[in-house]
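Chains as they are written, first to last, in the UniProt record's numbering: chain Z, 1 to 275; chain A, 1 to 318.
Calculated from the structure, these hints are not laboratory results.
Virtual Cβ for every residue (Gly too), placed ideally from N, Cα, C.
Heads up, a few of these hints could be off.
Computed from the model, here is a short list of chain Z residues facing chain A with C-beta under 10 Å [claimed, not checked]:
| id | residue |
| --- | --- |
| 1 | 7 |
| 2 | 98 |
| 3 | 113 |
| 4 | 122 |
| 5 | 123 |
| 6 | 135 |
| 7 | 136 |
| 8 | 240 |
| 9 | 259 |
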Amino acid sequence: MSPRYGLRTFGLELVMIAAAVAFLFPVYALITMSLKDPRQIAESPLGLPTSPKTDNYANAWTRAEIGPALMNSTVITVVSLIGLIAIGSLAAYYLSRQATRLGYGMYMLFLLGIVLPFQLGMIPLFKLVDAAGLLGGYPGIILFYTGVQLPFTIFLYTGFVRALPADYANAALIDGAGHFRAFTQVVFPLLRPITGTVLILNAVFIWNDLLTPLLYLAGSTRETVPVRIFAFVGQYVSDNGLVFAGLVLASLPILAVFLVLQKYVIKGFASGLKG
Amino acid sequence: MTSTIGSATATKGAAPGPGAAARRRRRGRRFLTPPWWFAAPALAVYALVVLYPALAGMVYAFTDWNGLGERNFVGLDNFSRLFGDESARGSLLNTLLLTVAIVLVQNGIGLLLALGVHTRIKSRSVLRVVFFAPAVVSPVMVAFLWKYIYNPAPDAGLNGILGAVGLGGLRQDWLGDPGLALWSVAGMVIWQFAGYSMVIFLAGLEGVPAELHEAAMIDGAGRWQRFRHVTWPLLAPAVTINLMLSTIGGLKLFDQVYAATNGGPGYASETLSTVLYKQAFVFGNFGYSTAIALVLALFVAAVSMVQVYYLRGREVSG
């Protein structure tokens with residue numbers, strides 16, 4: 001880091017801002033297009049919209065049926081996150097306080113899940129979910145996300161717990177609390193920073209996933225936002241303004257969550273690095 | 001915040017008491033270890049959703065199952081079919097090319113961005129958020145957006161920009177040209193995830209002690225020398241994680257290809273993931289599809305093992 005803000009730093013600032021502007025061009029195209037009608041798009045594909053049309057948004061909202069899809073995505077994401085955080089933090093706590101070979105082996109078994117491509121188990125699992133009568137509903141897909149994201153969740157939690165002094169939990173145990181109570185009332189609150197990271201990274205993955213809901217939910221009333229948008233884009237492929245308004249609407253919720261929690265995301269990577 | 005907790009415990013743990021006290025503490029710790037059933041719910045869900053299906057997939061890979069009829073063992077037939085079929089072989093090559101391009105360019109740009117925003121520039125916190133934001137948006141949305149950026153029309157999207165800045169000669173049919181489609185997909189993925197690499201490099205850069213830089217500066221080291229001999233070695237853990245994540249991500253890439261080109265034109269941008277998806281859910285060749293998935297899994301496992309072995313070797317402890 002240079003000691004003070006000199007001419008060199010100013011030059012770097014200009015270069016970085018220029019990079020950001022180039023980087024943001026697709027976003028500019030997205031937003032300006034979403035405010036044009038087909039005639040304006042044909043006349044000036046890259047210009048600013050002459051008379052911004054907001055009815056693209058109203059039309060996309062109703063025609064893509066984004067309302068119900070938002071509801072489905074929210075239920076699936078929130079319940080999966082609760083499951084992941086509950087059983088993931090509990091398991092990671094056990095694994096990081098367990099110095100035996102069994103504990104280490106179990107940890108490695110979980111880490112294997114980060115490397116293993118889900119495609120390998122995709123068909124057997126699909127058959128399993130089908131046989132259990134869970135296609136087209138919430139429980140099957142929630143179970144899927146909880147299982148598939150456990151390795152990453154446990155990886156993040158374990159790295160964090162290892163750096164946490166055991167004294168707090170031990171004090172509670174000596175005071176007569178059971179292990180479960182010591183965990184829920186003493187240890188879990190101390191995990192808040194990493195829980196924030198686990199929350200946002202898993203939320204991004206679950207909210208954005210296309211393939212699984214396409215397999216498990218397509219055609220049902222439980223379709224998620226990416227599945228709705230996928231169908232919507234196919235249907236209105238010629239009306240770019242409408243399609244782009246749909247893309248903006250579908251991306252806003254996760255972007256809003258990111259902007260609120262972005263500090264956790266960026267810090268969380270640092271603790272993941274140590275793990 | 002997390003880093004202070006980490007270093008505080010590290011110092012405490014590094015100073016063990018005398019023998020008797022350590023023994024007592026060890027016995028005490030065993031008494032205070034949480035019970036095994038803390039891991040049971042996670043293990044049950046993980047076994048059901050990940051382990052069992054993966055094992056079953058390995059078995060299916062040696063059968064001719066079509067999803068309905070009976071399963072007959074066919075030995076290595078699926079694998080010889082994969083390596084004999086020209087389009088499948090092409091998808092194998094495409095997957096590798098795509099992964100190499102993504103790993104090199106995404107991490108290169110990510111490192112430059114990280115070095116840029118890890119300075120005194122005033123816009124650094126805004127720029128961090130701007131560069132990382134595309135990574136939180138669904139890859140499918142990004143693919144649809146980039147389908148427009150790659151519009152073949154001469155005055156729209158990227159072609160329009162090239163024309164406007166006087167580089168009209170570079171206009172291309174980005175996704176329609178078989179020689180170009182794969183690289184266009186790579187460009188889109190790199191745009192989306194360069195900020196992701198940046199954030200991991202940033203976390204690494206923040207772990208480089210400022211005193212080391214000052215010491216090197218006093219010794220007369222220039223900018224490049226300081227980067228080469230101070231920053232780079234200490235950045236090794238970040239490099240390891242970035243290379244692993246982008247390699248695994250590149251090898252498994254599905255959503256972006258499926259939504260942007262669906263493997264086309266022809267088979268020009270087909271990857272292992274899109275081929276195995278089509279074999280399973282379009283043609284009903286479940287056995288063949290899981291064989292492709294097994295090849296993919298072996299690729300990912302081999303590459304990550306080599307990377308862990310090779311890269312961990314050059315890491316130094318900060």
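Here's how the hints hold up against the structure:
Hint on residue 7 (chain Z) is violated. Least Cβ distance to chain A is approximately 12 Å, over the 10 Å limit. Of the supplied interface hints, the one on residue 98 (chain Z) holds, with its beta-carbon coming within about 6 Å of a beta-carbon of chain A, less than 10 Å. Taking 10 Å as the C-beta contact cut-off toward chain A, the hint placing residue 113 (chain Z) at the interface holds, the least distance being around 5 Å. The restraint placing residue 122 (chain Z) at the interface with chain A holds, with a minimum CB-CB distance near 7 Å, inside the 10 Å limit.
Proximity of residue 123 (chain Z) to chain A holds as hinted, the smallest CB-CB distance being about 5 Å (cut-off 10 Å). Among the interface hints, the one on residue 135 (chain Z) is violated; its C-beta lies about 13 Å from the nearest C-beta in chain A, farther than the 10 Å criterion. Interface hint at residue 136 (chain Z): violated, since its Cβ lies 16 Å from the closest Cβ of chain A, which is beyond the 10 Å cut-off. About 6 Å separates the beta-carbon of residue 240 (chain Z) from the nearest beta-carbon of chain A, less than 10 Å, and the hint is met.
Annotation: residue 259 (chain Z) was flagged as interfacial toward chain A, and the flag holds, the nearest CB pair being 7 Å apart, inside 10 Å.
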